[in-house]
Amino acid sequence: MKITEQKILVNWHGNTKQHYEELGYKFTKYGDVFEASFIEVPKSSKIKADVKCDVCRKIYKLQIHQINRAENHICSQECKYLFGKTLLHRCGICDKSFYRNKTQCDKSESGLYFCSNKCVGEYNKRQRTQNITKNCLICNSEFKVKASTYDNQITCSRKCQGLWQSRERIGEKSSNFRGGKIEKECFECKDKYFTTRHASKTSKFCSQFCKQRYWAKNIIVKESFKIAKYKGNEKYRMTKGETLPEKMVKEWLLKNNIPFLQEQGFFHKYYADFYLPNTNIIVEVFGDYWHTNPDIYGDNLIQPNEHQIAQVEKDRIRIETFNKYGFKVIVLWEHEIYENIESLLKSKIITIYPRNDYTQSI
Numbered sequence: 001m002k003i004t005e006q007k008i009l010v011n012w013h014g015n016t017k018q019h020y021e022e023l024g025y026k027f028t029k030y031g032d033v034f035e036a037s038f039i040e041v042p043k044s045s046k047i048k049a050d051v052k053c054d055v056c057r058k059i060y061k062l063q064i065h066q067i068n069r070a071e072n073h074i075c076s077q078e079c080k081y082l083f084g085k086t087l088l089h090r091c092g093i094c095d096k097s098f099y100r101n102k103t104q105c106d107k108s109e110s111g112l113y114f115c116s117n118k119c120v121g122e123y124n125k126r127q128r129t130q131n132i133t134k135n136c137l138i139c140n141s142e143f144k145v146k147a148s149t150y151d152n153q154i155t156c157s158r159k160c161q162g163l164w165q166s167r168e169r170i171g172e173k174s175s176n177f178r179g180g181k182i183e184k185e186c187f188e189c190k191d192k193y194f195t196t197r198h199a200s201k202t203s204k205f206c207s208q209f210c211k212q213r214y215w216a217k218n219i220i221v222k223e224s225f226k227i228a229k230y231k232g233n234e235k236y237r238m239t240k241g242e243t244l245p246e247k248m249v250k251e252w253l254l255k256n257n258i259p260f261l262q263e264q265g266f267f268h269k270y271y272a273d274f275y276l277p278n279t280n281i282i283v284e285v286f287g288d289y290w291h292t293n294p295d296i297y298g299d300n301l302i303q304p305n306e307h308q309i310a311q312v313e314k315d316r317i318r319i320e321t322f323n324k325y326g327f328k329v330i331v332l333w334e335h336e337i338y339e340n341i342e343s344l345l346k347s348k349i350i351t352i353y354p355r356n357d358y359t360q361s362i
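For the sequence shown, position 267 matches number 267 in UniProt numbering, and the numbering has no gaps at all.
For the record, the hints were derived by calculation from the structure and aren't laboratory data.
In silico BS3-like cross-links for lysine-lysine, where the CA-CA straight-line distance does not exceed 25 Å:
hint, residue 1, residue 2
1, 222, 204
2, 192, 204
3, 184, 211
4, 7, 43
5, 231, 250
6, 2, 58
7, 217, 201
8, 118, 96
Simulated DEER-style distance windows between Cβ atoms:
hint, residue 1, residue 2, range
9, 101, 9, 32 to 42 Å
10, 254, 289, 22 to 32 Å
11, 16, 107, 32 to 42 Å
12, 4, 95, 29 to 39 Å
13, 24, 161, 45 to 55 Å
14, 70, 35, 23 to 33 Å
15, 295, 194, 51 to 61 Å
Quick reminder that beta carbons are idealized off the backbone N, C-alpha and C, glycines included.
Turn these sequences into a full structure, and let the hints guide you.
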């Protein structure tokens with residue numbers, strides 16, 4: 001084994017003068033002796049230096065070029081014989097006797113030897129679960145931590161951890177700090193307000209109230225907004241699918257050869273469930289719950305909720321708009337369709353739909 005920390009006595013020589021001068025040594029005269037460290041002496045030097053036997057740990061002399069060339073250093077024939085032979089050890093966990101050669105033993109970082117991988121795992125487990133005592137940075141009470149978390153765990157409990165973070169991880173000390181909040185001016189009330197840096201590019205209002213008031217005055221009233229909303233609703237209605245009552249009405253119209261357009265849009269604002277273009281008839285299929293069937297909900301009946309009440313008002317305005325432009329609106333309720341769709345549609349439609357070769361049998 002090399003002893004790199006030793007000092008070597010060398011003398012000035014023509015072959016090594018430049019080498020030592022480059023290392024910072026000051027030349028005196030050839031033949032003068034001076035000290036240099038082991039690692040500074042040329043690796044090919046024939047000067048002898050101390051080396052430790054890899055078997056018995058005895059210190060002996062060997063030329064530096066031999067020390068650097070050899071992977072292992074053996075002091076005698078006896079040690080050469082012993083080197084590489086199996087040695088008897090005792091397991092650091094189960095105390096079982098076993099043999100290992102020197103090369104295997106040299107790999108041990110703990111200084112202990114183990115007879116099997118099972119014992120190695122048990123040793124590692126004990127090391128991981130071994131507790132070390134520390135003092136909490138907040139309450140100064142003692143607590144135990146695993147060796148693996150000793151450097152990072154600084155408080156004894158979640159409560160103390162929270163107190164430490166509230167004191168040490170705020171403002172610029174926070175790992176999420178991005179430069180503090182940004183001051184902006186509200187589009188509606190013109191008051192100053194603060195918002196986070198990541199939201200500063202999109203934030204325009206100091207509150208939801210200001211946002212809704214601004215939209216009511218400047219966005220919702222625009223024709224472009226109404227068209228965009230209509231097109232968005234159109235895409236939604238094309239993908240949402242039809243309800244069972246709507247499917248039953250569609251099949252009845254097809255069976256009786258009555259032309260219709262399903263989900264037909266009007267005025268860039270409303271949609272009709274079914275539009276019969278030959279007579280300007282609009283057929284609306286209303287669900288009993290969502291559209292609040294008056295036979296089920298109302299005074300002395302089930303009280304409708306606020307969403308149902310709002311939907312009733314929307315339905316009223318929509319039907320009035322259709323009537324205003326000369327359309328005849330027929331409302332079919334969900335429970336009526338389930339009970340007897342045949343008699344329901346005959347009574348609703350045949351009285352106003354013109355008879356022809358296809359509808360004479362209705």
